Amino acid sequence: MFYRETGQFKTSYAADQQFFPIRQDRIGIALLLLVAFVGVPLFATDYWFSAILIPFLIFSLAALGLNILTGYAGQLSLGSAAFMAVGAFGAYNFILRVPGMPVIPAFLLGGLCAAAVGILFGLPSLRIKGFYLAVATLAAQFFVVWALTKFGWFSNYSSSGVITAQDISVFGYGVDSPMEKYLLTLVIVAVMAVLAKNLVRSNTGRSWMAVRDMDVAAEVIGIPLMKTKLLAFAVSSFYCGVAGAMAAYCYLGTVEPDYFTLDLSFKILFMIIIGGVGSILGAFLGSGFIVLLPIFLNITVHPLFSLLGLDVSTAVASNLELMVFGGLIIFFLAVEPHGLARLWQIAKEKLRIWPFPH
Amino acid sequence: MPFSMNFFFEVLIGGLLSGVMYSLVALGFVLIYKASGVFNFAQGAMVYFAALTFAGIVDAGAPLWLAFILAFLAMVVLGVLTERIVLRPLVNQPQITLFMATIGLAFFIEGVAQISWGASTRRIDLGIQDEPIAWLMDNYNLNVSTFDLVAALIAGMLVGLLALFFQKTKVGRALRAVADDHQAAMSIGIPLQHIWAIIWTVAGFVALVAGMLWGARNGAQFALTYVALKALPVLILGGFTSIPGAIVGGLIIGSTEKLAEVFFGPYVGGGIENWFPYVLALLFLLVRPEGLFGEKHIDRV
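Protein sequences appear in the order of chains A and B. Taken in order, the first sequence gives residues 1 to 358; the numbers are from the working numbering. Taken in order, the second sequence gives residues 1 to 301; the numbers are from the working numbering.
In isolation and in its complexed conformation, chain A is listed as follows (with noise of 0.2 Å):
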């Protein structure tokens, strides 16, 4: 009834080819901004932003990324943590060691190099895929990781391999709360999202898409495929970079390798995989799937168990997490491999002829 593109009528190219063509759409997303950009600063509280929405935007930020790659360019990819901690550590070493060195200029010179290094990771993908290439990006999160350890250079000869993030400020503007960093983090996640969704409809996005669905016949219609799947790595990689970089500057105010292991990359593949793989919305869903789930299961775990007169230890919680996160990956793979994306988008296209669906 109110969901409804009756009537709305298209008289320029323009108008045909915007974001969202359909105006209920258009008054959503901006509604979901103001409420992003005003309402939540003006209601949450500090752990809201700290543990639940500036994490929520970071992965968000990384599974695009990986997104970019996988669901796109259909290049499987286990080393996005790598890429992250490249982005991170690159940030930091720019503001460290170019004076004056503004934050988001420095954010993006991490992710940059994070491109760098994901162009060297992602050169066996002009020769092997599938999950022969999975391998060669576990090289890079196990190499990156090292590397990072290893050499004091990257931690400027940080004795415990722990570095405090540097305070950072925003034209000459300190960012210090958690609100203000959360402000931080949706500007650059906004302007990316936007970005990504651009250039996935673009030519290059379709030459990504071509490439995915098969090589041997993109490259028969003239897709040079080295600079497509090379562009892939290095945009995908460029958005993990970021993510990286944000995740140790704005949400666990550390810099640290440890923190950038496989489990993160597992992580951020989750969810590609339950948010839905080749979508830009699917990532968002997926992240804040993820960064949810914990938090849920630990509010209804616990009286659950001690209903049933159970005492469950943080072990088993953790646990639980797992298996509930590896049953998940199953049931979406085999249920709805398209996500928690498709399901809004059947939840759209129920919408539009309610109530009377005859």
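Accuracy of the hints is not assured; some may be wrong.
[Claimed, not checked] Non-contacting residues of chain A with respect to chain B, defined by C-beta distances greater than 12 Å in every case (computed):
| id | residue |
| --- | --- |
| 1 | L78 |
| 2 | L252 |
| 3 | L269 |
[Claimed, not checked] Only some residues are given here: those of chain B computed to face chain A with a beta carbon under 8 Å:
| id | residue |
| --- | --- |
| 4 | L90 |
| 5 | I236 |
| 6 | G265 |
| 7 | V268 |
| 8 | V279 |
[Unchecked claim] FRET-style restraints, in silico, Cβ to Cβ:
| id | chain 1 | residue 1 | chain 2 | residue 2 | range |
| --- | --- | --- | --- | --- | --- |
| 9 | B | P89 | A | T261 | 29 to 39 Å |
| 10 | B | V287 | A | P41 | 53 to 63 Å |
| 11 | B | N92 | A | I295 | 50 to 60 Å |
| 12 | A | L343 | B | N92 | 15 to 25 Å |
If you are wondering where the hints come from, they were derived from the structure by calculation, not from laboratory data. For clarity, every value in this text was computed on a predicted model and none was experimentally measured. Ideal placement from N, C-alpha and C gives every residue a C-beta, glycine not left out.
Go by the hints and put chain B onto chain A.
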């Protein structure tokens, strides 16, 4: 440190013998990949689960042989359930989807293992001495552990057994047929789903043997799942579909990583054992993507 031939051989042999362990894990991968085209990322978790189950039953006071049988039964149940719950709904999906499903499976199995047996490291005592062989020590001054040698023998026997099973039995022939062509195998009346359940059981058996040996060496602990990741470069070197490839690949990876760590590691600060196999496999992929013994793959549009 001064370079000595003796020390070199000692490292080499140690590496080869630890390579046998990698081979054992890689063998499980190959079996499943050959029969079902599934790249089973959960093999490491299965090794961990098997080792913990075995150790848990032994700790509960059962004799070794009973523990072995019970743990094997657990692996059978796991294999059948995997086929039923994970593989059957995903039939005809792209390989990469199945691969991601096995990552989920790996997490699930790790969770189950730790909930049922606890996350602490358990000792496994198989009654084999982990001491240098006196004869080699006296005559050649080589330090080779009895345990490693026994492990290598067991691995060799296992490979022989599997080869016999694949070549001589009816089930083995069916397995090879399925590996060759699913459709054709189904059309001549081979029950695909039974075959998959069987192959997962066999892989579970291999995982159990690998888990017992690894567990006896380092204790049944979570790190086993990471060790199992090392089987991936082994597979790349050996080729995904070749049982001899898994063995040779394991030996190469085991020996080169130890040699690299001992002779090259000190120059860059050590710890290169953790990534060296992957980078080696990566470089190898650039030269020969199908592996040493793999089948050449030709793409069609």
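TODO: Quick one: which hint numbers does this structure break? Sort them smallest to largest.
DONE: 1, 3, 6 and 11
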